[in-house]
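Chemist: These are the residues of each chain, in order.
2 protein chains.
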Amino acid sequence: MTTLEAVCSKVLERITPGEEERERVLSLAQDIMGRLRALLAEEGVWGEVRLEGSLAKDTWLSGEADVDIFVRFKPDVPRRFLRTRFLELAREATEGLKQVERFAEHPYLECYADGIRVNIVPCYAVRPGEWLSATDRTPYHTEYVKSRLDERLKGEVRLLKKFMKGIGTYGAELRVGGFSGYLCEVLAIHYGGFVEVLRAASRWRRGIVLDPAGHYAGQEREATELFRHHLIVIDPVDPGRNAAASVSLEKMALFVLAAREFLRAPSETFFFPEEPGPTSQEKLRAGIRSRGTSILAIHVRFSDMVPDILWGQLWRTTRALSNMLKNEGFRVLRATAWSDEISNCVLMFELETAHLPPVEKHVGPPVWLEEHVERFLRKNAGKPDLVCGPFIEGDRLYVLKRRRWADAAELLRERLKNGGEDAGVARLLAKHIAEGFTLLLDEEVVRLSEGLKGFEEFLADFLLGRPRWLARRS
Amino acid sequence: MTTLEAVCSKVLERITPGEEERERVLSLAQDIMGRLRALLAEEGVWGEVRLEGSLAKDTWLSGEADVDIFVRFKPDVPRRFLRTRFLELAREATEGLKQVERFAEHPYLECYADGIRVNIVPCYAVRPGEWLSATDRTPYHTEYVKSRLDERLKGEVRLLKKFMKGIGTYGAELRVGGFSGYLCEVLAIHYGGFVEVLRAASRWRRGIVLDPAGHYAGQEREATELFRHHLIVIDPVDPGRNAAASVSLEKMALFVLAAREFLRAPSETFFFPEEPGPTSQEKLRAGIRSRGTSILAIHVRFSDMVPDILWGQLWRTTRALSNMLKNEGFRVLRATAWSDEISNCVLMFELETAHLPPVEKHVGPPVWLEEHVERFLRKNAGKPDLVCGPFIEGDRLYVLKRRRWADAAELLRERLKNGGEDAGVARLLAKHIAEGFTLLLDEEVVRLSEGLKGFEEFLADFLLGRPRWLARRS
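Residue numbers (our numbering), protein chains in the order written: chain R, 1 to 474; chain H, 475 to 948.
These are computed hints drawn from the structure, not numbers from a lab. Treat the hints with care, as some may be off.
[Unchecked claim] Mimicking DSS-like on lysine-lysine, the simulated pairs with C-alpha atoms at most 25 Å apart in a straight line are:
1. H/Lys875 / R/Lys283
2. H/Lys800 / H/Lys875
3. H/Lys548 / R/Lys283
4. H/Lys572 / R/Lys326
5. H/Lys927 / R/Lys326
6. H/Lys875 / H/Lys757
7. R/Lys361 / R/Lys401
8. H/Lys800 / H/Lys891
9. R/Lys361 / H/Lys857
10. R/Lys401 / H/Lys757
11. R/Lys154 / R/Lys326
12. H/Lys875 / H/Lys857
13. H/Lys628 / H/Lys548
14. H/Lys853 / H/Lys875
15. H/Lys927 / H/Lys800
16. R/Lys146 / R/Lys74
17. R/Lys98 / R/Lys74
18. R/Lys361 / H/Lys927
19. R/Lys401 / R/Lys383
20. H/Lys800 / R/Lys401
21. R/Lys326 / H/Lys905
22. H/Lys572 / H/Lys927
23. H/Lys875 / H/Lys905
24. H/Lys800 / R/Lys383
25. R/Lys383 / R/Lys361
26. R/Lys431 / R/Lys417
27. H/Lys757 / R/Lys361
28. R/Lys283 / R/Lys326
29. R/Lys283 / H/Lys835
[Claimed, not checked] Some chain H residues flagged as far from chain R (calculated, every beta-carbon gap over 10 Å):
30. Tyr586
31. Gly603
32. Trp678
33. Arg679
34. Val683
35. His704
36. Arg715
37. Arg734
38. Gly766
39. Thr827
40. Ala855
Here the structure is a predicted model, which means the values were calculated and not measured. Idealized CB from N, CA, C, for every residue including glycine.
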């Protein structure tokens, strides 16, 4: 047995649910489905109660079961019913469990039983392509996958999912921007196994098109034009959908790199990442001190944002503030965000330095544009911030001027003081920033880990900057 | 009389040679020409001795006479004769005057009589287009200009030349990269007068084509393709030559700007620039101290370089070192050079700062390129200069590394220590740099003005950075 086979078989053993766990989870599912069926019958509404998701397809991971129960309604059932009465029935069916209402396109119910998440989701029974809501595809996905998986392939899907989780590319949610469970299944089916997916991914290129069901046979160029994405996987049950639309370029690249690394030196680390190990605040402080860069963190408290909304706001804001800093002359080395997804989030920026030299060069118009030249000359006339010029280089005018913002912390404080929407902060987040935020610089950032659970590990990972599974070359 | 007319007429009075000066210069010319004719007759070589240049065309400026004497030989006279025996005859004809041998395409003699420069230049009598040497065109230029200038236009040419001198755009030599005397004459003839040239230039655009003799009538696009230059003035006596080839984009732009400024507010300052006024070394030092930028000067001693060679080397080197500094992360605000054209030159750089933060971001390959990725990972493995990463952004790998050169002075010293040819220093200059150079930083630069005549004024102008004629807007 090769190392590769040995690693896979050991991992598979750890992640395949045993009989006892299967029975426990399935009986929980049957239980709720039974109650739901009875309640719907009582109500006199026809709805097909079905088990969906990884549990239905037998591709779930031991210890990480999700129970997805779908109720499929006829198209003539009004949406209003789904939004109101249906949710009441779902609550009744899961009475006694911890319940959270969630919103996708329409609301659904999420509950927790014994650490197992149960989702109760309504959808419509329609023919492929005549979708009334985003969840209408799910039963077709389930049928497609079930019809193509044998026992071996189920294990291959499990390996791929666990690998994706381990390296941080699993999940279509905005926080991750990665591969959905369904996409993992489609890839395993398409390539015929876990290692086969990795081998293929090692050679992926930006813009690759996979079309497992052959919807575009011979016309892949059309798919490229239609979807315009770095990774296109035509949904086997819907030629009009890219099943990989959620995968960001970063996560696609990260998966490709990890696939190659794993094939080069197979190890369980990829599936079960090592914990960062205990870091002390003093060690983090020393790390930042000796680093020589400037780290800026903006801590904001928020409320009433579900994760996908929150992360949309965070990513957009990080990008916008990063560009704002760059436009003012700061060299931004990295920018990212952290959140507990409940009430705290932190925007993080690492700069070459937070303190720029006092003078910068301003580019003016080409001399040919008389009106622009006149405006430029007038704008820079006798201003106290003019250091040198105007002078000509090539065919343009230039001046040297005192820099308006030489201190990044000052700049951020000023731009964010009213929420920062003008500076590109996303609207919902701006509302919370306007109510208050804390700006921390360098070693001060470590203080955040006192109040924020999980931030210390995030900060340690941020300082390291390298995927833990990336083997050091000698 | 408008201000414009008043200024022009006052200037014209100052720059038009009076009778006494004319006689003195012309008799000097006739004197030398007579001796040269006699010597050639004695030698038994036929050569037409002619007065050329601004003196022949009567477009010279009072106090700035140049006597250009050309000897036109039949094409069968060997080049060897021009290079050797002819020079001996020229020396004999100017015996008693201070003599310097110069090289253009072939050697010529330059002498000084009473502060007046006399050039004795050989050329061939050939038909237009059948040029044997670069100077063969000159007699045709003289004929062309003489045939088109009346008394009024001669004054217009004088105004244009003096204006060009005043704003620093006069001269085809590499130091200036500006407008030759002949080009000034062609422009004045083409547009019909000094103010007319300025009015037209105010509206010039990059790539403009002027074709006074109509060689390309209706086919200006061909001229654009043929010459590929920002300013194309087809030589009236040679359709294959751009008479404005020597004009750099900077000097073209400077002339356009000055033309507009002068028309907007006519003043003698444009023709007779104010002297910078006395600056003390202490004042210069204080100016640099309070400025907030970093100024670096490299002082080099040289020998055996005529000005056009020297300035070619200086401009190329300034550009190369500027790029080298930029590639290492320094923000170069300005770069220029100074020389006494005898034995001292100074390369000058102004940077935002000469001291960069210790860490920088290095971009690696896109993950798709497996071999490049492997090389990048190996290169950055376990090196003590690795600060963070490798990490992925977009589809590329990056690392944060200790900066190799955080100190610009150190970097320059290291790169120049063997002359700097690897760093792009032009070859002849590199030879001199290898023998030794002095690197000065900020206030130290002022020290150079103690030994170098003219450097103090240059430095004062450099710090100001603005053309003195550029009116401050309110």
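Chemist: Each hint: holds or not?
Modeler: Okay, the hints, checked on the actual structure:
no., hint, verdict
1, H/Lys875 / R/Lys283, "holds (20 Å)"
2, H/Lys800 / H/Lys875, "holds (17 Å)"
3, H/Lys548 / R/Lys283, "violated (88 Å)"
4, H/Lys572 / R/Lys326, "violated (60 Å)"
5, H/Lys927 / R/Lys326, "violated (43 Å)"
6, H/Lys875 / H/Lys757, "violated (41 Å)"
7, R/Lys361 / R/Lys401, "holds (6 Å)"
8, H/Lys800 / H/Lys891, "holds (19 Å)"
9, R/Lys361 / H/Lys857, "violated (35 Å)"
10, R/Lys401 / H/Lys757, "holds (20 Å)"
11, R/Lys154 / R/Lys326, "violated (48 Å)"
12, H/Lys875 / H/Lys857, "holds (9 Å)"
13, H/Lys628 / H/Lys548, "violated (32 Å)"
14, H/Lys853 / H/Lys875, "holds (12 Å)"
15, H/Lys927 / H/Lys800, "violated (31 Å)"
16, R/Lys146 / R/Lys74, "holds (23 Å)"
17, R/Lys98 / R/Lys74, "violated (29 Å)"
18, R/Lys361 / H/Lys927, "violated (30 Å)"
19, R/Lys401 / R/Lys383, "holds (9 Å)"
20, H/Lys800 / R/Lys401, "holds (19 Å)"
21, R/Lys326 / H/Lys905, "violated (41 Å)"
22, H/Lys572 / H/Lys927, "holds (22 Å)"
23, H/Lys875 / H/Lys905, "violated (34 Å)"
24, H/Lys800 / R/Lys383, "violated (28 Å)"
25, R/Lys383 / R/Lys361, "holds (15 Å)"
26, R/Lys431 / R/Lys417, "holds (11 Å)"
27, H/Lys757 / R/Lys361, "holds (24 Å)"
28, R/Lys283 / R/Lys326, "violated (30 Å)"
29, R/Lys283 / H/Lys835, "holds (24 Å)"
30, Tyr586, "holds (34 Å)"
31, Gly603, "holds (33 Å)"
32, Trp678, "violated (7 Å)"
33, Arg679, "violated (5 Å)"
34, Val683, "holds (15 Å)"
35, His704, "violated (7 Å)"
36, Arg715, "holds (23 Å)"
37, Arg734, "violated (7 Å)"
38, Gly766, "violated (4 Å)"
39, Thr827, "violated (4 Å)"
40, Ala855, "violated (4 Å)"
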